[in-house]
Structures are given as C-alpha cells and as structure tokens.
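Q: Please build the complete structure, drawing on both the sequences and the hints.
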Amino acid sequence: MSPTIDVQDLVVRYPRGEAVKGLSLTVEPGRCHALFGRNGAGKTSTLRALLGLVRPTSGQVKLFGLDVTQHEAEVKARVAWVPDAPGFHPWMTVAEVLGYAAALRTRWNLALQEHLLTRFELDLSAPTSALSKGQKTQLALVCAIAADPELLVLDEPTSGLDPLVRRQFLEAVIGVFQEGDPAKKTILVSTHLISEFEGVVDGFTVLSGGRAVLSTEADVARARYCRLRAWFDVDAPLGVPMKTVKPVSREGRMLEFIVDAETDAARGWLTAQGAVRIDASALSLEEIFLLAA
Amino acid sequence: MTASRVSWWWLLSLLPVLAAGPTRALPAVLVLGAVVFAARASSPLALRLRKELRLAVLPGTLLLVCSGAGAWAEVLPASGAVAGLVETLPWVLSLVLPTAALLLPMVAEYERGTLTSFFLSPLGARAFAEKFALGASLVVLSWLQVSASDAPAPELWWLALGGHVLALATAPTWFFFARKEGTSLGLVTLTPFFVATPIGFLAGRGPVLAALALYGVVMLAVLPKAVRRGALGLPLDEALSLPGARWAARLAPPVISAELTVQRDVLVLALLGCVAFAGLFFNGAAQAAPMALFLLCALAASLSPALAFSESARLGTLEPLLVVLPRGAVFRLKALTSLGVTLLGCGVVPLALMGASELEGASVIAAFSWLVAMAFFWAVGLATSVHGAGVAFAMVSAWAAAFLGAFVQVLVFALVSLAVGSALGSGHSRDGAMAVVFFVSIGLAVLVAWRRFVHQPAAPARLAVLAAGLSVVVAAAVGALSALTSPAS
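So the protein lines, in turn, are chains A and B.
Sequential numbering from 443 applies to the first sequence in the working numbering.
Sequential numbering from 14 applies to the second sequence in the working numbering.
Since the hints were made in silico from the structure, they are not lab data.
Ideal Cβ positions, reconstructed from N, Cα and C, are used throughout, including at glycine.
There's no promise every hint is true.
[Claimed, not checked] One side of the interface only, derived from the structure: several residues of chain B facing chain A at Cβ under 7 angstroms:
#, residue
1, S130
2, L133
3, G137
4, A138
5, V268
6, A271
7, L328
8, T330
9, V337
10, P339
11, V467
A: The following block contains the structure:
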C-alpha cells in the first residue's frame, strides 16, 4: 500500500523567500503524524502545498500515491482540512453550512454529522456569525469528519480554544475520526501545543528554517533521549564521556545530563563512578522538540 | 513595492502638475517636499510619512493623473472618442476618487490589523492628523487641477467641487465611526454621486449646495449611529437585500446558491443604477441618465469578481473550497457565476430599461458596445481580484487598470490610425475595430486571471505587464488595419 503522504525534496518559494527548503516526509496510512516547529519554520507552507493551496516550487508531493497537482480531483475527494481560523459565510446558519459542505462532497456521513452535532451541542439554526471561535472550530471539524476523508489535516486546530473545547476536539478527532477504520484514517497535525498531542501522535517531524531537523516515531524518540540524574557521596565528576544533547549540569554532588541513545552505557559509567542513586526519565515530546528546534 | 519605487511613482505623477503653472505648483511642491523628506530622512515622522505615502500611492497618484487629465487634451487628437474621454474623465472621477484617496489608506490599515495602533498610541492623534493632512493636500491639489481645466459645463464644475468637499468632510467621520471595510467604503464613496448627480444635473448650483449641507448633517449625525448598530455594513441595509437574494438563491443548488448570495451587492448596485436612470430620465435629464447608469453598472461589474474572490478570501471561505475542489473548478464556478450575474444585472436589465425608454441604448450596436464594456470592466476586475487583495483594493486596481488601459488603447488606436493616414472617424467600422481591441483585452485579462489563480505563476505582475503590452500592440495593429481598410471620412 502506498504511503498516505509522500513528500520528496519539497521546496516552496514565495517572492519574499523560501519557506520550505527540501523537505522530505513519509506518513503511512492509519498514523497520526505531527509537524512541530517554531513560527516561520515552514509548517503551514508544507500543509498548504499538501492541500494544493500553493504550488510547490520544486519537489514531489504525493497523497495516496497520487501527485497532488496532476490528480487534483481524486486527491481532494479523500482529504479534509481544519484550519486554525475557520471561515464561513456569515449569513449561513449551522445547518446551511453543513448542507453547503455536503454539496461539495461525493460522500457524506449523515449519522456521524448528527453524532458530532449532539456531542458538541451545536444549534443548527444558529447563524455562523454568532458562533464563538471554539464553536466555529467544532463546526469545521464536523464538516471535515462527516465527509469521511482518509486524510485529516489539522492546522493549529486547538490554538485559542479553552481547555474543555480542546479536550472535546481531541476526543472527536481520535475517537470518532479513527474509530471506523483506524488502519486507513490518517491524521496530519501542525501545532504549537505539543503537550496536548503527547499521547495522541504516533510520529512527528520537527521543522526548523524550512527543513526537517528530526523526523521519528514518538516511542522511538522517547526511548532514544533519556534524562539521567545521579547523586554521589563526594563531588560529582566534572565531565561525561558519552554523547549528550544538552550541556551537563553539575551541582555539588548531583550530576544531570541527557544522553542520545546511550542510556545503558551512561548508567554503567555512573555506577562505575560511584553513584549512590540514579534516576532515569524519558523526555516529553515538548522537551525533545526544544532540543531539536 | 520598495520605498524608492513608491517615491518614483509619486514624482512621476507630480511632474506634470509642477509643469502646469504656479497655481497648481504650490500644493504640488508641498507634496513633493513630503515625498523627498520621507525618502531621505530617518526620523520617526519620516518613517510614518513613508508608510502613508506607500498606502496612498495607488489612489493618490490615480487621483492626480485623472484630475490632471484636462491638460492632456492639448497633446491628443482633438476629435472623436479620445477628446470626449479626456474631457469627461476628470469631472466624473472627481466625484469618487477624492474620497477613495482619503479613505483607502485607512481601509488598508484596517484590513491589515494595524489600525488599532492608532487608538492605542499616545501619538495616535498626531499620526491621524498627518494621515489626514496628506490626504487633504492631495484632494486640494486635485481640485486645483480640475478647476484650472476648461470646464465643459458649470454643473460639472459644481459636481467636482461637491465631490472634493464631501471627501474632506467625510473622511474624519468615517474614520472614527464607520465600519472600516470595503463595502462601507463603497457606500461612503458612492453617496456623493447619488446625492449630487441628479440634483446637479437638474437644477444647478443652489440645490447642489443644499444637498451638500444635507449630506454633511447625515454624515455627522445619522450615519455614525447607523454604522455603529451595523445597519450599513452593506451598500444597502442587509435586511433589505438579503431576503431577495436568498429567495432567488434557494432555487439553485447550495454551492451556486452561496455564490449567488455573495453577489447580492452587485444586483443592489445595478438596481440603484436603474433607479438613478429612471429618476434622471423622468425629470428631464435624458442625456445624463445613460451616463449615470453606465457608471454604476461598470462599478457593479468590477465589484462582482471582487466579491467572488477577494471578499471570499477575506472571509476565509475560499480556501476550504480549494481544499475540496480542483483550482480550475473553483475558478470556473466563481467566474461564471459572477459573469452571469454581471451580464444579467449590468447588461440585460439596464439595456431593457433603456430600450423601454427609447434611448440610444436600444440600437443593436450600442447594446453590443454596452455589453462589451461591462465584460471589459468585469474581466479587469477578475484579473485584479483573484490574488485575494481586499475588495476595496481590488476595485481601485480594477478601475485604475480599466480606465488607464482603455485610455491607452483608445489613444494608441487613434494615433496609429492617424499615422497610417486616416482621420479618426466615428463610423461603425471603427466601432467594430475597437470592439476587436476590447475583445482581445477581455480575453487577455481572463487569461491573466486564470494563470494567476489556477497555475499560480511566480511573477504575476510580469504576466499582467506582458498582457497589457500585448493588448496595446493589438490596439496598434487593429488601428492600422482599420485605417487602411476604411474610407477616409
């Protein structure tokens, strides 16, 4: 089976400069993959190129094994998008927006629509101009999920939402969207709120300056980076012989450092140095992002 | 656009004014001083002024070029369509452009979200005063240019004065109280036209002054409250226009229905044109009625693609459409709906009205020219709207491009015809030749729009310049052919 997303050497250049500089990315079906990066790292430009909103300057973008520029209609029939600031015609009611969105699609899951409307408590007769930001995002999510897409693209979906709406949103995305056929339902999310997606994403790519500086599975990353704290009866050693990803912190008899894929070797070395206590803890995705970005 | 390029645009538009004598030169020197100061100095004032000059470059230079167009009559062929265009242009545009020159920079700030800084800054009042002073000097300069021209009729002179005075009176009120968006700007810009035109044509200066006073009261007292309540967000109250549009839209599928509802302001504007036409016609101003109708229909024609593309991009409804449909399909959907509404609202209905009034619009050739003109304004509007600029900017760009484009084409056509050896005639063969030129321009404008929207070329400006150059070459070629094949008149 072709990967859902297959990006090779993507370059997106605007008149003011290059936003994406040779990005490669592969996401298999059924995965939830995140794009992490600082402002201006190229996340949104990458998503826009995937969605056909900007034409790539060079490189190849394939969704479901199809080139997005050559098979536009086939690709777009299988993709849905929730932007960070959803826009609706202000004179339309919630019901009219749903009718409008359904009219643009070949498939529409009415039962799923009703289920989500009940879950979000959205009033069908309410005009969209009277909806809050959270309700607009919920409505955009209903429009996206009810279309029964195979790829759901989320661009900063939870930014600016209150904690309750954020939780409802994530539950809907993971619980409802991936419920039916989890092996085929893929999610690509771009976000700043990394901790929100800590237990949700299967893999992630950290973008910096338009390039991927780290692309890995979430579990692999957690296993790879390890924070070690050791206490000694005497002053802690001055240096660490293995590869660390952050300057070593030494305070009296305590030594702290983060190792890159050499946890066992580091533990052995600490024991040999006479450590009386060693604590090892996996890094959160946010900490890994801060190391990589 | 870089700061140096902005300065060059200002200098180019000011040079003819400076060369036109001391009456016009004095305010021009002041503006020139501001341009030079902004370009050379590095103080906070220069920085603010540079920003204002950048924001005002399009409407400001267009205002100066158009209001100074009277001087061009001396260097152009003294007969036919060119002379008529040159004589009429500054007077007609002086009703609309001064307001646009003052308010467009404010709309730009609103649309970019920078206007709030005015109200939060301790120097906000001073910054606003500078903004208004620059706009006011442009309006005064424009008026000096218009008044120094040979007035074709006293009514037009008073109308131009009305347009300029109203612009100065309106700007502060609008800035502080109105919703700063394209449609609100459209309302304020067009109101002088609605108020002053019928009275001005019918009765001369006294009623015009009364109308100005009434308008001032409305602007200062009534309008701010109305816009605060959101009653005038559209050119007409949404409560009036929306049910009608919805009734028609319900008959169509949801996607077409949404596009038709977006176009409601076009129909409202065309309807106002018909009302203005009927008012003028039945009050004895039969000659002025078609011109008023034409201008309003042309405005509506250029507004239509701006609503379909620019307004949709501003509302955030364009991108969701692009995510689910191919770009070409979205372009066709929006462009064809917009063209259909334009041809119906700005073509068929006005022509039927003129036909019923037994005016010149009833003849087949005049009706054909009318439709070609509407399609021309629509096509230029389409080319300037597809890249998602605000509605106000898309419309001003469209009008600038349409007027200058039409002017240059007519001029090139006429000069080449003359150079080849035939006097500029007014026969139907010439109309046909000009129609060919405009058809080519319409085709090129649609092609530019298609390329910009669907294929997203890296350098859209280069594409537009190329298309404009090509249309001028066609105008020259058709002019030469026309002169060679037609008998001299």
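Q: For the hint on A138(B), does the least C-beta distance to chain A fall short of 7 angstroms?
A: Check failed: Cβ of A138(B) comes no nearer than 32 angstroms to chain A, outside 7 angstroms.
Q: Given a cut of 7 angstroms on the nearest C-beta pair, is the interface hint for T330(B) held or broken against chain A?
A: holds, 5 angstroms
Q: Restraint: V268(B) near chain A, CB-CB cut 7 angstroms. Satisfied or not?
A: Cβ of V268(B) sits 5 angstroms from chain A, so the hint holds.
Q: Hey, does the L133(B) contact hint survive, CB to chain A under 7 angstroms?
A: violated, 21 angstroms
Q: Under 7 angstroms is the threshold here; is the Cβ of S130(B) close enough to any Cβ of chain A for the hint to stand?
A: violated, 20 angstroms
Q: Report holds or violated for the interface hint on G137(B), using the least CB-CB distance to chain A and a cut-off of 7 angstroms.
A: violated, 27 angstroms
Q: Is the interface hint satisfied for P339(B)? The criterion is a beta-carbon contact with chain A at less than 7 angstroms.
A: holds, 4 angstroms
Q: The hint names V337(B) as touching chain A; please verify it with the least Cβ-Cβ distance against 7 angstroms.
A: This interface hint holds because 5 angstroms falls under the 7 angstroms limit.
Q: Quick check on the hint: L328(B) CB to chain A CB, less than 7 angstroms?
A: holds, 5 angstroms
Q: Can A271(B) be said to touch chain A, with a Cβ gap under 7 angstroms?
A: Holds - the Cβ of A271(B) comes within 7 angstroms of chain A, reaching about 6 angstroms at its closest.
Q: Verify the interface restraint on V467(B): the C-beta must sit less than 7 angstroms from at least one C-beta of chain A.
A: At 9 angstroms from the nearest chain A Cβ, V467(B) fails the 7 angstroms test, so the hint is violated.
Hint check: violations occur at hints 1, 2, 3, 4, 11; the rest are consistent with the structure.
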